[in-house]
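J.: Sequence:
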Amino acid sequence: MVSVLDPSIETLADLLSRLGDVHPARVRFHPAPGTATERDIHDVHTREGRLCELVDQTLVEKAMGFRESWLASLLIQALLNVVQPRHMGVVTGEAGMIRLASGLVRIPDVAYIAWERLPDGRLPGEPVPGLVPNLVVEVLSRGNTDREMARKRQEYFRAGVQLIWLVSPENRTVTVYTEVDQSTMLDAHQTLDGGPVLPGFTLSLHDLFANFDRPPL
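Mapping of the sequence shown onto UniProt numbering: residues 1 to 217, in sequence order.
Take these hints with a grain of salt, some might be off.
[Claimed, not checked] Mimicking SDA-like on lysine to any residue, the simulated pairs with C-alpha atoms at most 20 angstroms apart in a straight line are: (1) K62 with E94; (2) K62 with L118; (3) K62 with Q84; (4) K62 with H189; (5) K62 with D120; (6) K62 with E116; (7) K62 with L12; (8) K62 with L15; (9) K62 with H87; (10) K62 with P119; (11) K62 with G130; (12) K62 with V44; (13) K62 with A95; (14) K62 with A78; (15) K62 with L16; (16) K62 with V82; (17) K62 with H42; (18) K62 with L80.
These are computed hints drawn from the structure, not numbers from a lab. Here the structure is a predicted model, which means the values were calculated and not measured.
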């Protein structure tokens, strides 16, 4: 397959910069950068159990740790407590691949998609559906970079995402983005809400992050 990489990318450093300064160990070189497809995402996951995003036709391994996965599961539970009883839509986790554009597949740690955003109001059967979530949650891992997350935010909002929560386990904060450059940082003493995107949703961040401090039984 012919590479679709920008001709200005001449070195590994150029490629990593374009991807958001991700660590080189996260970039797959088989298939070669600029030639990967959605089928390659599936093949890597089937063969190795690794989750990869597709960025500029390049496979980038998803950065995720045990603590981040656990925190994402708590957020999923909190969202489902509101979404399911009201039949508002679906909530997906860290393996929910979403095609935002041609050659661009992201895997948010958590996503909420209202029923009206699903084709014919049904769950898609394909492994990588073309969907635009209402809400995206990204839980920061040590492997993430500021530039990587900035690029993701631009892509999400460009596609039509309405709300992004950027969760920092280290700082115990949640930064709420309503636009690429409009955000509010909440600390562990404040309450997270869903605004007009998720009316009725509230979550005490003290209660969320207090799970880190539970004493041994």
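J.: Looking back at the hints listed earlier, which ones does the structure fail to meet?
T.: Hints 2, 3, 4, 5, 6, 9, 10, 14, 16 and 18 contradicted; others consistent.
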